[in-house]
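Q: Sequences and hints are given; from them, build the entire structure.
Number of protein chains: 2
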Amino acid sequence: MRIGVFDSGIGGLTVLRTLADALPGHDLVYLGDTARVPYGTRSPQTVIRYSLRVASYLYEQDVGAIVIACNTATTWAMDALQRAGQAVGVPVFGVVTPGVSAALKVHKTGAIAILGTEGTIAGGAYQRGLAAAHAGVTVIPVACPLLVPLAEEGWVTGDVPRGVAEHYLGGLRGQVDTAILGCTHYPLLSSVIAEALPDVTLVDSAQETANVVLKELGPGDDTNRSIRFLVTDHVERFKRVGATFFGTEPTHVTWVDLPEPSGEFAAPSRTDTA
Amino acid sequence: MRIGVFDSGIGGLTVLRTLADALPGHDLVYLGDTARVPYGTRSPQTVIRYSLRVASYLYEQDVGAIVIACNTATTWAMDALQRAGQAVGVPVFGVVTPGVSAALKVHKTGAIAILGTEGTIAGGAYQRGLAAAHAGVTVIPVACPLLVPLAEEGWVTGDVPRGVAEHYLGGLRGQVDTAILGCTHYPLLSSVIAEALPDVTLVDSAQETANVVLKELGPGDDTNRSIRFLVTDHVERFKRVGATFFGTEPTHVTWVDLPEPSGEFAAPSRTDTA
Numbered sequence: 001m002r003i004g005v006f007d008s009g010i011g012g013l014t015v016l017r018t019l020a021d022a023l024p025g026h027d028l029v030y031l032g033d034t035a036r037v038p039y040g041t042r043s044p045q046t047v048i049r050y051s052l053r054v055a056s057y058l059y060e061q062d063v064g065a066i067v068i069a070c071n072t073a074t075t076w077a078m079d080a081l082q083r084a085g086q087a088v089g090v091p092v093f094g095v096v097t098p099g100v101s102a103a104l105k106v107h108k109t110g111a112i113a114i115l116g117t118e119g120t121i122a123g124g125a126y127q128r129g130l131a132a133a134h135a136g137v138t139v140i141p142v143a144c145p146l147l148v149p150l151a152e153e154g155w156v157t158g159d160v161p162r163g164v165a166e167h168y169l170g171g172l173r174g175q176v177d178t179a180i181l182g183c184t185h186y187p188l189l190s191s192v193i194a195e196a197l198p199d200v201t202l203v204d205s206a207q208e209t210a211n212v213v214l215k216e217l218g219p220g221d222d223t224n225r226s227i228r229f230l231v232t233d234h235v236e237r238f239k240r241v242g243a244t245f246f247g248t249e250p251t252h253v254t255w256v257d258l259p260e261p262s263g264e265f266a267a268p269s270r271t272d273t274a
Numbered sequence: 001m002r003i004g005v006f007d008s009g010i011g012g013l014t015v016l017r018t019l020a021d022a023l024p025g026h027d028l029v030y031l032g033d034t035a036r037v038p039y040g041t042r043s044p045q046t047v048i049r050y051s052l053r054v055a056s057y058l059y060e061q062d063v064g065a066i067v068i069a070c071n072t073a074t075t076w077a078m079d080a081l082q083r084a085g086q087a088v089g090v091p092v093f094g095v096v097t098p099g100v101s102a103a104l105k106v107h108k109t110g111a112i113a114i115l116g117t118e119g120t121i122a123g124g125a126y127q128r129g130l131a132a133a134h135a136g137v138t139v140i141p142v143a144c145p146l147l148v149p150l151a152e153e154g155w156v157t158g159d160v161p162r163g164v165a166e167h168y169l170g171g172l173r174g175q176v177d178t179a180i181l182g183c184t185h186y187p188l189l190s191s192v193i194a195e196a197l198p199d200v201t202l203v204d205s206a207q208e209t210a211n212v213v214l215k216e217l218g219p220g221d222d223t224n225r226s227i228r229f230l231v232t233d234h235v236e237r238f239k240r241v242g243a244t245f246f247g248t249e250p251t252h253v254t255w256v257d258l259p260e261p262s263g264e265f266a267a268p269s270r271t272d273t274a
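Same order as they appear, the protein sequences are chains A and B. Under my numbering, the residues of the first sequence are numbered 1 to 274, in order. Under my numbering, the residues of the second sequence are numbered 1 to 274, in order.
Just so you know, the hints here were simulated from the structure itself, not pulled from any lab data. Among the clues, some could well be false.
Said to hold, decoys possible - Simulated DEER-style distance windows between Cβ atoms: (1) N224/B to G158/A: 46 to 56 Å; (2) E195/A to H252/B: 39 to 49 Å; (3) H167/B to G136/A: 40 to 50 Å.
No residue lacks a Cβ here, since even glycine has one placed at the ideal position from N, Cα and C.
A: The following block contains the structure:
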């Protein structure tokens with residue numbers, strides 16, 4: 001089977017890497033919407049619109065399943081993407097439910113922090129997922145906007161990343177025993193996050209997401225599977241920055257044109273004409 | 001006259017503020033392309049495409065002139081926007097040429113730094129502008145990618161912004177006497193930039209841009225002029241974050257739908273199929 005994996009940009013490569021290991025016999029097509037990255041500060045309506053556009057392109061690539069390797073897109077667009085997927089018979093997997101499961105497995109005291117983008121925290125999908133488990137956990141959500149640009153710069157060690165992590169997370173020390181890395185960029189910063197949160201277990205949803213997809217789709221049987229990359233903006237920058245996230249420099253990278261459809265969309269928020 | 005002012009997001013509000021003071025008798029319409037911000041890390045082709053889309057919308061608003069209040073858009077899209085403007089008889093002003101003029105007026109030793117986004121530095125418009133003046137200046141360009149997200153967060157003082165400024169700019173101390181703030185977000189960070197570069201004159205192109213526009217268009221004679229804001233993504237976030245840049249919270253903010261035109265565009269970079 002061909003599996004489509006998508007993210008706003010390059011963060012999802014941390015998930016792709018895990019999927020590639022866990023599902024060695026499936027073709028993988030990764031689409032990074034680098035012309036519109038980041039999704040983390042955009043309105044729900046805009047994230048849904050961009051996500052549906054990306055998914056419709058992946059359907060044209062004959063994917064048999066889609067993995068949303070982006071927490072913000074999963075948070076806001078999972079429902080819309082699943083409805084669209086059902087219409088064409090393509091299952092859609094996100095990273096939030098697996099992240100919730102992983103956290104519920106490892107926490108000890110029931111105090112769990114969620115670290116994410118503005119959108120992921122405001123959207124509340126992790127908070128709802130943890131509440132729905134009726135596990136009696138206490139959830140502390142923390143938006144950490146600067147972590148994405150730091151990771152994208154590859155600036156992951158030293159005083160500045162340490163200072164940024166301390167700024168967002170210092171107040172959590174002693175308050176939680178588990179923290180969900182609720183953004184696919186954050187695993188790159190796990191060393192400074194761990195320094196700010198000693199004795200806290202950091203949960204990365206990539207492995208659990210791969211487990212879920214493996215359980216549904218099996219490991220595949222293609223002995224000569226391919227991994228391809230599609231990006232909506234520069235190829236060179238994706239390769240250069242992507243190497244840090246994927247472990248090796250991505251090859252077979254192609255630019256694709258994804259003009260937005262015209263037509264009626266919901267306004268992202270009330271117009272202020274006061 | 002109605003003047004259209006555009007930026008990728010909210011940084012251009014620092015320019016709008018100066019224009020509003022310098023040209024009290026013209027209507028001003030500001031368009032922030034917040035659904036596609038930032039432009040600073042995108043390919044030239046993508047920046048040109050987005051900029052042309054924004055400009056064509058402003059023409060529909062009957063603007064008599066356009067000010068590109070964004071260094072990256074000026075760097076990559078000035079030529080394309082001026083050609084499009086000529087076709088409809090609308091003059092287009094950018095921020096780079098005024099920034100160059102301002103720096104040439106104040107420098108003492110001929111050693112000038114340019115601080116900007118990845119795109120602004122790579123595009124080389126400031127470097128070419130300074131070279132074209134044949135003033136015998138030495139130019140040191142420095143890309144400072146983290147400054148935009150810091151300014152957008154309103155995180156402009158303290159150890160982290162100071163550390164980021166020091167990281168990018170520490171090496172410039174003793175090397176230059178003048179530094180161009182080549183991004184409309186940077187005036188917000190001028191205190192930490194000045195700390196990293198003591199005895200260096202910081203040049204903000206907003207005032208010189210306003211001078212150029214004033215000279216061409218005059219102060220206007222509308223005694224009841226309006227200032228309106230158009231954004232392509234959430235209105236509330238623009239008002240909240242924009243207040244820091246504009247001095248007061250923007251009012252009369254309206255969401256506009258700017259779907260991209262379909263059709264043929266140049267690919268942003270060579271496809272890698274190796």
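Q: Does each hint hold? Answer for all of them.
A: Against the structure, the hints:
1. N224/B to G158/A: 46 to 56 Å: 54 Å, holds
2. E195/A to H252/B: 39 to 49 Å: 46 Å, holds
3. H167/B to G136/A: 40 to 50 Å: 44 Å, holds
Going down the numbered hints, you'll see the structure goes against none, and every one checks out.
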